[in-house]
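Take a look at the letters that make up each chain.
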Amino acid sequence: MKLSKETLISWYKKMLHTRFFEAQVDAFFAKGMIHGTTHLSIGQEAFAIGSTAALYADDLITSTHRGHGECIGKDADLNRMMAELMGKSNGYCKGKGGSMHIADLEKGNLGANGVVGGGFAIAVGAALTQQMKKTGKVVLCFFGDGASNEGSFHEALNLASIWKLPVVFMCTNNHYGMSMSVARSTAVANIADRAASYEMPGITVDGNDPIKVYEATLAAVERARSGEGPSIVEGITYRWLGHSKSDANRYRTKEEIEAWKDRCPIKAFEKYLIKNNVISQQESDEITAGAKDDIARAVEFAQQGSYPGIETLEEDVYA
Amino acid sequence: MTMALITYKEAVRQAMQEEMRRDENVFLLGEDVGVYGGAFGVSLGMLEEFGEERVRDTPISEGVIAGAAAGAAVTGLRPIAEIMFSDFITIAMDSLVNQAAKMRYMFGGKAKVPMVLRMPGGSGTGAAAQHSQSLEAWLVHVPGLKVVMPSTPYDVKGLLKTAIRDDNPVVFIETKTVYNKKGEVPEEDYVIPFGAADVKRIGRDVTVLATGVMVHRSLEAAEILAKEGIDVEVIDPRTLVPFDKETLVKSVIKTGKLIIVHEACKRGGFGGEVAAEVMESEAFDYLDAPIKRVAGKNIPIPYCMELEKSAVPQVDDIVNAVREIV
Ligand SMILES: Cc1ncc(C[n+]2csc(CCOP(=O)(O)OP(=O)(O)O)c2C)c(N)n1
Ligand SMILES: [Mg+2]
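Protein chains in written order, with this note's numbering: chain A, 5 to 323; chain B, 906 to 1231.
Isolated chain B, as found in the complex (with noise of 0.2 Å):
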């Protein structure tokens, strides 16, 4: 396989460009996603390429962006759909949960409602309270939804593809304080398949399962630790709905002991449900120690950059946290 580096931001944009060529069902919609290139310019480029009929621009209404890309995808279209940030998922949830998830459901299995609803979460560009939440557990809670949360250019890329291929409403949430990281990114079409977790770091001693910008740090935690003698696995589950438990387990029976990192509030977070998923399988007999989560307060972001930090978890949280539990 011949690699080129490229970033995150890159990576989505391929991914959308490669399946548009490939598939002339898929198309674009969102605010300014045209000749602004979206708000983190991800799809700068494409309009020059695909045209207005392609690539569209919509007015500022979530609501209809993500149930127009329901009723597109249910009568044969393959939309993805951007909302410009992932906090404006609440003007849309009534045509995501109450519509596009359960068409099929409801329609005794006789719709497909192939759509992809991307989005940028996270915080950490000091935009303040209703541009920087993590709102992910809120979707996994969801029947009928995927949910998608990648970590790193080769994996984003990877999977969005499969998004765009998949026959059911998809929310991708993109990490955008990572946007302009760069990766090895293979050159030839690649898909990587949901529920398929990724080790990001072999370890013995403790496994860090993390989602997010929360792998990034998690593995520099891991790197500081390794000189103090800890030796730390880091698993990213890269989907969250479906999940890979069996990756998981496996790595908490080798280690004995689970950290769970994210950047989303703790309480309610995806964190509680993979502790409870760890503690129901076989691997609960194996825990030499309580299962910890290391997640954001329970609060809005606030704007101070100081303050915004000490929200959610940073490599030194990670690394007081492991040093706890070992």
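Chain A with its partners taken away, still in its complex shape (with noise of 0.2 Å):
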């Protein structure tokens, strides 16, 4: 597949915004600077803007608490992504939502979401919706390998099958629950595995090949936009960091840790980018230095924000 300089450099980017994003929630956090909870998806972002790189601006896109990557793959605002997590109400959610329920409904991000498997039947719904009033948009429902465990996972495959609704179940597989390993909860090898049940295409790719990632979500997306109904794009990656601020990592051991972290997605593509003669290093450090300064930008922006005042706090509970 030919994709052009500035589509791979666009990607190269948003993984870097990503990386650089989270790296500097983590730092916050660790100084107390943001509060509560946040799941961080570093070593996970080829599978977030991949993924997000097949879809129109338009279409949809249901995702989880570990979803700052697909948010920004769908071209989500940095700085109100950062202001969110600061509880500013200059955020997406005026300071309301946080980490976990990041959303950007003009841009066609429904929300991440704080209960696991609780995008699953949103994003039939935002299917049947597509579907009925033929709009030819298609969403992307972003999970877990855990969440495909809950009840729900199972309901909404069926009725996306039997309906053959516009949308693409994506498994961030990522080898793990909070602590439990896929093989200790996980009947079948790959969670594409559970397509069979549902008589729908399955398909497991490399999570850290943003190219590998797209070409699978691209075929299942155009399945859905013509009308052949649902299917599941996995993708094998790893979560560097621990489940959430809580996590002493006693499930695993530093080698594992270590030896994804060998396979950098970012590092890989960077590679790749240079060996193809895309960019050159000094354009990678460039463009490095700029998502940096995005970060920097966002922060900025973030911290000049004030705190919702106590006026709000009753508003937007109905319409």
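Hint data in this document are derived by calculation from the structure and do not stem from the laboratory.
All the pointers check out, no bait thrown in.
Restraint-style ranges between C-beta atoms, simulated for each label pair:
hint : chain 1 : residue 1 : chain 2 : residue 2 : range
1    : B       : A1101     : A       : D79       : 54 to 60 Å
2    : A       : A187      : B       : I1107     : 53 to 59 Å
3    : B       : G981      : A       : T257      : 35 to 41 Å
4    : A       : V321      : B       : E1125     : 25 to 31 Å
Think about it this way: if two alpha-carbon atoms lie no more than 25 Å apart in a straight line, the pair counts; the simulated SDA-like pairs of lysine to any residue are:
hint : chain 1 : residue 1 : chain 2 : residue 2
5    : B       : K1171     : A       : V321
6    : A       : K98       : B       : T1030
7    : A       : K98       : B       : Q1035
8    : A       : K35       : B       : G1029
9    : A       : K111      : A       : A323
10   : A       : K35       : B       : K1214
11   : A       : K258      : B       : G950
12   : B       : K1202     : A       : T316
13   : B       : K1171     : A       : G313
14   : B       : K1066     : B       : G1049
15   : B       : K1087     : A       : H39
16   : A       : K275      : A       : D210
17   : B       : K1155     : B       : K1197
18   : B       : K1214     : A       : S248
19   : B       : K1214     : A       : Q307
20   : B       : K1197     : A       : E318
From the three backbone atoms N, C-alpha and C, an ideal C-beta is built for every residue, glycine too.
Two chains, two frames, a set of hints: combine them into the complex.
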């Protein structure tokens, strides 16, 4: 597949944005400058960015508690993301949602989700709207390996299949739920194997390779758009950091973590871009520095924002 | 009795450990309860002692966690099932409400369902609307369930033991913001019966009935008010079902004034039930002022820290409510 230089560079940038955004969030957490909890996707950037790259701007996604990458993939404004994590009124949810609830409805992001598996049925409903209104739009439903053991996964996939809805179920298989490995939690080897039960295609790809992820997603998206129904696309990847701030990593070894860090999706993509003469090392360094600057600007924007006033407390409960 | 100073979290763990040592039918199941020790570290170390057979990690499947607990209970085991956050009880609701709670009655008194469903509830951790709810009123409404909501290490240990030994489905709501709070707990085996409120502070001017973390805030408020010469009695019902009406009625007859404090939304909250119980009782004639409820706003819990605080009663809100009523 021929991908333009601009396209590949935009992916690279988005992967860097995701990485630096989350590294900044991690640092702020450690300093107590961001409160609550957050789930970081460092190490998983290729899946979020490669998959959302297969969408048109007005297609839709549902995301998860670990959804910063998908949010950025769907062209979210870094400033408003950072502001939301700092609980500021200029954030995506006016400071009321935080990391687990960032939503950008104008860009088709129906929201991260604090409930594991909370997005399956929402995605099915959103796809039903597209089908009934003949919009031609597709919904990408992101979920984790662990989420596929919720009942709602099975109900949603069955319904999507019998109604041939334009939705693609995107599994970020990072090997673990919180502490439970896929091998211990799940009866099938790959989450995509579950597609067989619902008479839909299921494909498992290297989730650290954005191009492979893009190609697999694009095929599934085109199938969905043409009315042939849903698929599962699963990317195999790895979460470098703890599940959330409370994680002591008791369930895995340092060696395992290090081995996956050696397979950094961003470094690998940089290497690919340079080797194929898409960019030079110098260009790569410039892009990287630029991405860092963008995060610094987002921090500045967030810091300049004010906290939501008490008068907003009871606003927005009802339409 | 020899006493030990331990945290609320340790008290929960000790209750489970001691009951599991005492009765081989008792076991723990839930998400990440094994090597991770549960999201709040409550079951840390239990896997090492009891092994994977009795400290069972489950997939992320709340419906089957609660349902399998019911099925195991009705056939002779005594499961303790953990739901990681009380918010996710919504996913387990059919298993709990339509199955576990009703089996005995529907089957004409033939079944016993000795299960405990433990879950941390409440706000205050900055985890926003889907990880901060107080849903106890929903559960109180279901005949067949017992509902426990302990506020101190002493209470949580004694009540959890009773819950495990009880032959009915018990919903056990732990107060997550006091997990690390310490208190004196006997080293010997003890249990606390259900349906026995605890008067946490004796007073004569006004009765404050509070649950969960609000017990601590009410006690703090009482100390502030004591300096103003207002003597507050603080009652913790400890179990919402069964509810110790007698202790409350006696107190209200003494003070003539009642304030109910809970974290859950005011609308449809447990406070309304308590107020109605008092209105229907002999304490009605002794009331010198309308009963007051100090409770959570009728909103989802917001993320931003200041807003989150404002969503539920703080010490000042309780102090002000008492000042208004006396
Ligand atoms: C219904 C529900 N159950 C449990 C949790 C607690 N929890 C949050 S994330 C998580 C693990 C999810 O695993 P997976 O779906 O693989 O996503 P990952 O965290 O690996 O991105 C758990 C158990 C939750 N938020 N919602
Ligand atoms: Mg996972």
